[in-house]
Each structure stands twice: as C-alpha cells, then as structure tokens.
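Visitor: Residue numbers (our numbering), protein chains in the order written: chain A, 311 to 653; chain B, 311 to 653; chain C, 311 to 653.
Just so you know, not all the hints are guaranteed correct.
Heads up, the list lumps identical chains together, so a pair's fine if it works in one copy or across two of them.
Stated by the list, open to error - Straight-line alpha carbon distances no greater than 30 Å define the calculated DSS-like cross-link-like pairs of lysine-lysine that follow:
1. Lys374 with Lys622
2. Lys622 with Lys600
3. Lys622 with Lys603
4. Lys330 with Lys622
5. Lys330 with Lys374
6. Lys374 with Lys603
7. Lys603 with Lys330
8. Lys647 with Lys330
9. Lys374 with Lys647
10. Lys356 with Lys374
11. Lys647 with Lys603
12. Lys647 with Lys600
13. Lys600 with Lys330
14. Lys356 with Lys600
15. Lys600 with Lys374
16. Lys647 with Lys356
These aren't lab readings, by the way, just hints derived from the structure by calculation.
These figures come from a predicted structure and were not determined experimentally.
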Amino acid sequence: MPDPRFFSSAGPFTVSQLLKFADVEIAEGHSSQRLVSDVAPLDVAKSDDLSFLDNPLYIENFSKSLAGVCIVHPDRVNEAPDGMSLLLTNEPYLAYAKIASAFYPDAGSLSGRENSEFIDPSASIGTNASISPGVVIGGRAEIGANCKIGPNSVIGEGVIIGDECQIGPSVSVEYSIIGAGVRLFAGARIGEAGFGFASGVDGHVTVPQLGRVIIGNGTEVGANSTIDRGSAGDTIIGRGCRIDNLVQIGHNVILGDGCIVVAQVGISGSTQLDDYVIVGGQVGIAGHLKIGKGVQIAAQSGVMNSLPETGKYAGSPAVPMRQWINQAAMLRTMGRKKVRKDG
Amino acid sequence: MPDPRFFSSAGPFTVSQLLKFADVEIAEGHSSQRLVSDVAPLDVAKSDDLSFLDNPLYIENFSKSLAGVCIVHPDRVNEAPDGMSLLLTNEPYLAYAKIASAFYPDAGSLSGRENSEFIDPSASIGTNASISPGVVIGGRAEIGANCKIGPNSVIGEGVIIGDECQIGPSVSVEYSIIGAGVRLFAGARIGEAGFGFASGVDGHVTVPQLGRVIIGNGTEVGANSTIDRGSAGDTIIGRGCRIDNLVQIGHNVILGDGCIVVAQVGISGSTQLDDYVIVGGQVGIAGHLKIGKGVQIAAQSGVMNSLPETGKYAGSPAVPMRQWINQAAMLRTMGRKKVRKDG
Amino acid sequence: MPDPRFFSSAGPFTVSQLLKFADVEIAEGHSSQRLVSDVAPLDVAKSDDLSFLDNPLYIENFSKSLAGVCIVHPDRVNEAPDGMSLLLTNEPYLAYAKIASAFYPDAGSLSGRENSEFIDPSASIGTNASISPGVVIGGRAEIGANCKIGPNSVIGEGVIIGDECQIGPSVSVEYSIIGAGVRLFAGARIGEAGFGFASGVDGHVTVPQLGRVIIGNGTEVGANSTIDRGSAGDTIIGRGCRIDNLVQIGHNVILGDGCIVVAQVGISGSTQLDDYVIVGGQVGIAGHLKIGKGVQIAAQSGVMNSLPETGKYAGSPAVPMRQWINQAAMLRTMGRKKVRKDG
Numbered sequence: 311m312p313d314p315r316f317f318s319s320a321g322p323f324t325v326s327q328l329l330k331f332a333d334v335e336i337a338e339g340h341s342s343q344r345l346v347s348d349v350a351p352l353d354v355a356k357s358d359d360l361s362f363l364d365n366p367l368y369i370e371n372f373s374k375s376l377a378g379v380c381i382v383h384p385d386r387v388n389e390a391p392d393g394m395s396l397l398l399t400n401e402p403y404l405a406y407a408k409i410a411s412a413f414y415p416d417a418g419s420l421s422g423r424e425n426s427e428f429i430d431p432s433a434s435i436g437t438n439a440s441i442s443p444g445v446v447i448g449g450r451a452e453i454g455a456n457c458k459i460g461p462n463s464v465i466g467e468g469v470i471i472g473d474e475c476q477i478g479p480s481v482s483v484e485y486s487i488i489g490a491g492v493r494l495f496a497g498a499r500i501g502e503a504g505f506g507f508a509s510g511v512d513g514h515v516t517v518p519q520l521g522r523v524i525i526g527n528g529t530e531v532g533a534n535s536t537i538d539r540g541s542a543g544d545t546i547i548g549r550g551c552r553i554d555n556l557v558q559i560g561h562n563v564i565l566g567d568g569c570i571v572v573a574q575v576g577i578s579g580s581t582q583l584d585d586y587v588i589v590g591g592q593v594g595i596a597g598h599l600k601i602g603k604g605v606q607i608a609a610q611s612g613v614m615n616s617l618p619e620t621g622k623y624a625g626s627p628a629v630p631m632r633q634w635i636n637q638a639a640m641l642r643t644m645g646r647k648k649v650r651k652d653g
Numbered sequence: 311m312p313d314p315r316f317f318s319s320a321g322p323f324t325v326s327q328l329l330k331f332a333d334v335e336i337a338e339g340h341s342s343q344r345l346v347s348d349v350a351p352l353d354v355a356k357s358d359d360l361s362f363l364d365n366p367l368y369i370e371n372f373s374k375s376l377a378g379v380c381i382v383h384p385d386r387v388n389e390a391p392d393g394m395s396l397l398l399t400n401e402p403y404l405a406y407a408k409i410a411s412a413f414y415p416d417a418g419s420l421s422g423r424e425n426s427e428f429i430d431p432s433a434s435i436g437t438n439a440s441i442s443p444g445v446v447i448g449g450r451a452e453i454g455a456n457c458k459i460g461p462n463s464v465i466g467e468g469v470i471i472g473d474e475c476q477i478g479p480s481v482s483v484e485y486s487i488i489g490a491g492v493r494l495f496a497g498a499r500i501g502e503a504g505f506g507f508a509s510g511v512d513g514h515v516t517v518p519q520l521g522r523v524i525i526g527n528g529t530e531v532g533a534n535s536t537i538d539r540g541s542a543g544d545t546i547i548g549r550g551c552r553i554d555n556l557v558q559i560g561h562n563v564i565l566g567d568g569c570i571v572v573a574q575v576g577i578s579g580s581t582q583l584d585d586y587v588i589v590g591g592q593v594g595i596a597g598h599l600k601i602g603k604g605v606q607i608a609a610q611s612g613v614m615n616s617l618p619e620t621g622k623y624a625g626s627p628a629v630p631m632r633q634w635i636n637q638a639a640m641l642r643t644m645g646r647k648k649v650r651k652d653g
Numbered sequence: 311m312p313d314p315r316f317f318s319s320a321g322p323f324t325v326s327q328l329l330k331f332a333d334v335e336i337a338e339g340h341s342s343q344r345l346v347s348d349v350a351p352l353d354v355a356k357s358d359d360l361s362f363l364d365n366p367l368y369i370e371n372f373s374k375s376l377a378g379v380c381i382v383h384p385d386r387v388n389e390a391p392d393g394m395s396l397l398l399t400n401e402p403y404l405a406y407a408k409i410a411s412a413f414y415p416d417a418g419s420l421s422g423r424e425n426s427e428f429i430d431p432s433a434s435i436g437t438n439a440s441i442s443p444g445v446v447i448g449g450r451a452e453i454g455a456n457c458k459i460g461p462n463s464v465i466g467e468g469v470i471i472g473d474e475c476q477i478g479p480s481v482s483v484e485y486s487i488i489g490a491g492v493r494l495f496a497g498a499r500i501g502e503a504g505f506g507f508a509s510g511v512d513g514h515v516t517v518p519q520l521g522r523v524i525i526g527n528g529t530e531v532g533a534n535s536t537i538d539r540g541s542a543g544d545t546i547i548g549r550g551c552r553i554d555n556l557v558q559i560g561h562n563v564i565l566g567d568g569c570i571v572v573a574q575v576g577i578s579g580s581t582q583l584d585d586y587v588i589v590g591g592q593v594g595i596a597g598h599l600k601i602g603k604g605v606q607i608a609a610q611s612g613v614m615n616s617l618p619e620t621g622k623y624a625g626s627p628a629v630p631m632r633q634w635i636n637q638a639a640m641l642r643t644m645g646r647k648k649v650r651k652d653g
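Let the hints inform the model, and build the full structure from the sequences given.
Guide: Dropping the structure here:
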C-alpha cells in the first residue's frame, strides 16, 4: 500500500465504480460489487487490492497473486488464479494508469508546495542539526540529529532524514526515507516521479508514482544524480553504496549494500543489483534485470540481459570480459588491415 | 526577429557601421549605406535583416534567402541570390558572433538578476497558483492559473507559464514560453544559452543565443534535464512529449508531438524529430539531422545520419535494427571463437 | 598543502600518533618520533609531509618523492628513496583515507552551512556586482566587480569569483577559485567532493577531498555540469574553455586552454588534456591518461589509453579515426551480408 506519509487514497471503490475510470469490462461471471481498498503490485497485493498484468515478464507473479481484482488482457484469463476478479482490456497498463489516478488524484502533485514558510512548523528538526539559509522543509518532515542541510535545499513533506546526514546545496528530497550518515551532494534529486506512462490513442497517460525512495545508512549520492521513487513498491538503495555524479536510477530499482556506481551510469526501472556490484562510468543497464553479487561491469557497457554470475563484463551488448577483449582485438585488426590495404 | 520579451536590440546599423564590429569587407559594388534592422537565420530573414552562411548544409537556404545582407565566405559569392548585399570573410561564423553581439549586447547576460525582490512586482500570477517559498520570479513573467511552482525554483524575466503547470523544486526556466499542463521535474534547466561559439585565432567567441524554448501542452521534462534556447529561431518541444531525467536537448532542436526520450539522451543542435519518435536511454543524435515520424532508436545508439523512414534502428553508428542484430551476433561469435582457440 | 582558505588541519602529529588512526606499522628501524605536519601527493610532498603509494602508475613519483613519511605496501620498501620513513600496510589507500581524515576531520563537511544569514557579513562583494534574491554567500568569500550571481545560487565559504563573471540560477560553487569573465550556467556544480574512497573489509571509507577547483579566465561551464574538486592537489580548468551541459569532470583532472567539451562527456580522475582538445558528446575518458594538444575525439568514443599525438580518434575503445572508419564499414558490410543471406 502506498505510504500514507506521502499519499492519500480516495478509495475504497467497488468494482463497478472502477468501470467509470477506465475502459475495462468485468470478466463474465465475476462480481461487480467487490470492494477494492487500494492498488498494489502483483507480488504484494492482498485480497482487497487491485493489481494489473501488462509486461509478460510478470506472468508468474500474476498466476500466484493474491490480488482480489486484476486488470489484464482477455488472453490471460485462463492463467488467473482462483478467486481473482478480472477487469479485461486490450491495454491493461493504460487502464491501470487511469484507475490508480482515481485512487490517488494528488499523486502527480509535487509535495511541499503548500506551505508558505521556509520551514513548516510541523517539521521536526533533530538536536544540533544545522539548517542553512534558503532551505525549505515541508510539513511533517523529520530531520535527524547532527544533520547538515546545505543552502537552498528542499526537503519535501513527510520525508525522513536519519541522524548525521550531510546534504549539500540545492539538493531536493521528496517521498523518501533516508538512513543515517548518508551524504547527498549538490543538486542531487531524490524521489522525483519515475518515467511511467501508458500510451493510448490519445497520447501518453501518466501513471501515478506511488512508491518511495529508501536509502540505507552510510550511502553517498553524487552531484546532480537522480533517483526516482517507485511506481508501486519502492526504489531501494542499500547501505554503504557510493554513487557518483550525474547517475540516473529509475523507479523500483534495487541496489544491494556496498555497490559502486560511477558517473553518468543509467539503471533502468525495476532492475536489481545484488551486493557489491561495481558499475563503470556511462554504463547503461536495461530494465527488469538481475545483476549478481560482486559483478563488475566495465565503463560504457550496455547491459541487455541479466548477469547472475559473478564476473567481469564489458561491451554493448555486454559479454564476459574475455569475449569482449577478443572482439575488440579483432575489430582493431580489421581496422588496421584495411588501412594497410588502402595505403 | 529575437523576441522583444527577452532581447532588446541596439540596432539598426548601416552596413558601414557593421564593419567596425567584425573583420569583414563589403563585396565589390555592394552598398555600404543599406540599413540593417536585425539578425535572422537565412530561411526567415527579410530584406532589412542580416544573416550568415557558414555550414555548407545550408547553401540552399542561402541561395533562396530574402536576407538583405549576408556574411559569407568569398567562394560563395556566385551562389548568392540577386539583390543580397554580401559581407565577405574567411570566418563567417566568427564575424556573425561579433556583429550579433553588437546588436544584442546584453544577450549573454542571464535574465532575472536585477530584481531585488523574490517576486518582481511586474510579474503576473494566475488565479489559484501556488508559489512555494524561495521561488524567484522575474519581471513581466506570467504564471498561469492553478500552477504549482516548487520551492527555490527560478522563473526568468518575461517567461510565460501556461495554466495547470507543475514545476518541481529547484527548477529554472528562462527565455521560454511554456504551454498548459506541462510538468517540469526537480532541477530541470529550461532556456539556458546554447553551446554556440565561433573559434578564431584569439580563442572561442560566444555567439549570442537569441532564441527561446517553446514547450507544448502536456509535455513532461525529467529531473536535471537541460533544454537550451535557440541561437536564432527557437528550440521547440511538441505537445504530450515525455522526456526523462538528465536528457540534453541542444539549441534549435525541434521535437514533434508525443515523442518519448529516455534518460541521458543527448540531441545535438538543430536536429528535428517528427511526431511519436522514441529515443532509448543514452542515445546520442548528431546535429542538423531529421528523424522521421514514429522512428524508434534503441538505447545507447549513436545516430550520425538522418533517419527519414519509420523503423527501428540500433548501434553506433546506428543502422536498421536487423542489421545491428546481425552485427552483434557476428561480434559475439568472433569473441567466442577466439576464446575457444585460446582455451 | 590543502588551502587553508578551505581546510583546517588538526595536525601536526608524530608518526607514533598516526598509528592510532589506521592499521599500519612502522618499517623496521624507522623513527616513530618524526613530526608530520600535513598530507600531500607524492610529487609535491616535502620532508614534513605524509604521502602514500597505492596505484602502481605512480611508483616513479614514489621513488623520487621528498615526502618525509609514506604509507606503502611492504613489497615496495626497496623502491623507497633514502631518508623516507615508511608506514607499512597491505591497504595503503585505506590507511591514507583514515589518517587524512584525522588531519582534516571537517573536510567531509559541506561548506557554508553554518551561517544563518543569506550573505555572510565577512564575504566581500565587488563594485557593481549584482546579487540576485535567494543567493547564499559563505564566510570570507570574495565576489569580483561587475559579477552577476543568479537567483538561488550558492557560493561557499572562502570561494573567490573573479571580475565580470556571470553565474546562472541555482548554481553552486564550493572550494573553488574562479577567474575573470567566467560563465557558469544554471545548476552547474563546481567543487563538490570527488569520488574517492578506499574499500576495506568494513566497506568503503571516504577519502577526504582536500583540493580545490581552479577555473581560468573566460571559460564557460554548461547547465547541470559537475566539476569535482581535487583529492589532493587541484582540479584545473584552463582559460577560454567551452564546457557544455551535463558534463562530468572528476577530481584532479587538468584541462589546458581553449578545450571544447561537448554535452554529457565524462572525464575520469587525474586525466590531463593539453590545450585545444575537442571532446565530442557523450565521450568517456578513463582516469590517469594524457591527451595531447589539439586532439579531437569523436562523439560517444571511449578513451582507454593516453592519446599523446595530435589527430582524430573515434570508437570505443578509441582508435585513430581512419581505423575506426574501416571498422565501422566492415561491421556495416557484415550486417548487410547476413541480411541478404537470410532474405
């Protein structure tokens, strides 16, 4: 369930009410009076939650889901678990976007905008915390003891910052729970809405981003890096990670402990890195992948498949390092031969 | 003509006055008394405007231009249209930089700096707009109804923001006209000067950036992304686009409606994307290209040529997707063979 | 020695005191009573400084160093110069991180946080300088004549900004000395801590970043670009450079005069570019390399080795342009052949 610190629900709705929000129909014989309390991903949804299946990667989650109601393509009806009520449509993600927006009509809004004072009176500031000029702190935010918040930084409504954190100038943190001893350098953007939308005939419909960013103790995030909050479920960064400048981390990404992510890396949504993964500069990692413990990825690689086994990888598309060395050597030879022949 | 909302001209000048600003000479038999009101690109210049030809890509624009006066290399004299007065130099772009700076001596200045109050009294704020603490709004700026402007954001002089826009924390918008329902996420930089300079023997001379950024209704721009204003003419982003985090869009780029641009993409100056183009993460697109309607470009591709035909492309340099799959397969085979032979 | 404008030392310490801070032992027969005033890199350290050798690239610097005390792996004892006292450990960089942190316990802190006023009374503002609303200026900072500082920008403690500089909105500058006529566009982050840490069994230990950023006259830095300060020694950007948006420049990088660095380039730590180098968009350059005068590197290249000779280079890994053109042509041919065969 979306954290009520950050999101307030307009629900519950009955299934028949949901029909007004999106172009779906109730599967034959399924009840229209069932009550839906909330939206949730397939793997954590409970019997009073609504979920959806769009990406076929998650069919197994669908078949095992406890969700009471699910939006799904008509072709998937036979794979549904017993007792699940189905809402059918050819565009499940688009329908989810519309229904989730009805549950959380303000989720698109950016937090912390309504207070007229720089520091909202309902925020709590820990012992000996140092708040610089120009800092804006939203309602119910909690700043830990001995924190330093740099000039002109913005801490959104409800955000929790642990003890001993150092936050540089012009940082923004929204929809996030930050551990102790975390350092966020200048211009880091934590907790913005992820890149989520469903494309229909009328254009792209924004999917409300209902998750948070959770950052573990002792992690550091470089200047002007961006970590988006989860769409449903959270974006989670482990303890003791080192994330360099201008890194992009998409919604629902999970990083284990001690990961090293060099500058200008992009990690796409829902990808998971186990502990102690090292990602070289300017690497791109596609979405929905799993990268194994201690994997090392060379700079500028493009990772298109999961890399479950520990080892070094390089290239775009990324292959085991030794293969990449061969590829590079052969390319080099080809380039030189041609030169000689022309010369 | 540069928008007088943002730029004020020191002109007009006679041709003979222009000779003082840059090292050019009047082509034989051309008048020195002609009056020049303004600077403009070749394709939109009128008979009282000055333009220039430097990049040979634009020779056709030159031959058809209605510009009254044009700075050009002596080798191009014969390709000039009738009635155009020519200013000759071996370094047309450098001369243009200097003359355009004489027309717009303050164009290098960053806007919104002179007001001593956070919200300039001459700015207009629409009904029910919510302005957060720390927001700075420059003179004559117009904020639409129901807008939310996040903490510590900066709206420059003369900027227009349409109704129902949501602007995150620490955003800056300068020299721009923003449509309705636009969302700009934290740290987005809209309307900075483009990367324009002419290199001469004394180093790089900055070319004044005299255009704007125009963003269509319903478009979203991600955290810490940068969209530079036009150098002459505008940078234009269509309606309903989705631009992710840390994206760079150069001056004079044009995006059609409904384009999707994933994180960390860079689009170089003057390139045009038709409607519904999809650009994968970390793609780079060179300048002065045209990308056709609905083209899809895979992540990390490097686009060096125009892609007029609808289809999927991949690789660096980018080729049709099927070719790229073959290339990747062959590279993989080569890498594996070598391993086997060594093993 | 770290600039006392920015860093204050808790030293001096005797060698025996240093043993408390890190897990090192004194080499047999070396004195424990020697006094250590400061930490410094091998090539500039003096007889009362402590230095360290970790990266084997710097063995020659070690053998010639005048440092009085050096942290080093036991295997390197025989390569030490006469008169140098050695502190032995299998993890020299980790030990240096801990000892340097003892010398500079506040170096991890972000500057400018302690003042409660937007403009610290001890800062000096030059004649006719224009300071926008929301600007925060730290103690002892010096702003030159005729500077413009954009709204909500942050100038850290002790920073020096030369005359005639233009600083956009939401910029931050810390631990830096900026020349005259420099332009920093919106959201640029100058002087943040570099990406420096030593990895031990207990995780990554941050190495204090004790250098500065020095930017030469007339240089421009694009929106949301990041230039980290030196770890020991400085990050130095020459005169008249043009650096585009979203560029990352790591600690201790040196750029000569007139360099052009296009958007989204990443230059890793300690790499040196000679004058007039041109770096195309999205290029990555590895650390500790030297790039010769006037070298031109094509967009998206990955530079893994030094390029001392003037010329054009392309590809990842980067090779001379002509070789790369051959590689690209052959790849294209391979891709097409396969298509034909399949077709």
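Visitor: Hints first: check each against the structure and report whether it holds.
Guide: A quick look at each hint next to the structure:
no.: 1; hint: Lys374 with Lys622; verdict: neither (35 Å within a copy, 35 Å between copies)
no.: 2; hint: Lys622 with Lys600; verdict: both (15 Å within a copy, 26 Å between copies)
no.: 3; hint: Lys622 with Lys603; verdict: within (11 Å within a copy, 34 Å between copies)
no.: 4; hint: Lys330 with Lys622; verdict: neither (52 Å within a copy, 37 Å between copies)
no.: 5; hint: Lys330 with Lys374; verdict: within (28 Å within a copy, 56 Å between copies)
no.: 6; hint: Lys374 with Lys603; verdict: within (27 Å within a copy, 41 Å between copies)
no.: 7; hint: Lys603 with Lys330; verdict: neither (46 Å within a copy, 34 Å between copies)
no.: 8; hint: Lys647 with Lys330; verdict: neither (67 Å within a copy, 54 Å between copies)
no.: 9; hint: Lys374 with Lys647; verdict: neither (57 Å within a copy, 42 Å between copies)
no.: 10; hint: Lys356 with Lys374; verdict: within (11 Å within a copy, 68 Å between copies)
no.: 11; hint: Lys647 with Lys603; verdict: between (40 Å within a copy, 28 Å between copies)
no.: 12; hint: Lys647 with Lys600; verdict: between (40 Å within a copy, 27 Å between copies)
no.: 13; hint: Lys600 with Lys330; verdict: neither (38 Å within a copy, 42 Å between copies)
no.: 14; hint: Lys356 with Lys600; verdict: within (26 Å within a copy, 49 Å between copies)
no.: 15; hint: Lys600 with Lys374; verdict: within (21 Å within a copy, 47 Å between copies)
no.: 16; hint: Lys647 with Lys356; verdict: neither (64 Å within a copy, 51 Å between copies)
Going down the numbered hints, you'll see the structure goes against 1, 4, 7, 8, 9, 13, 16, while the others check out.
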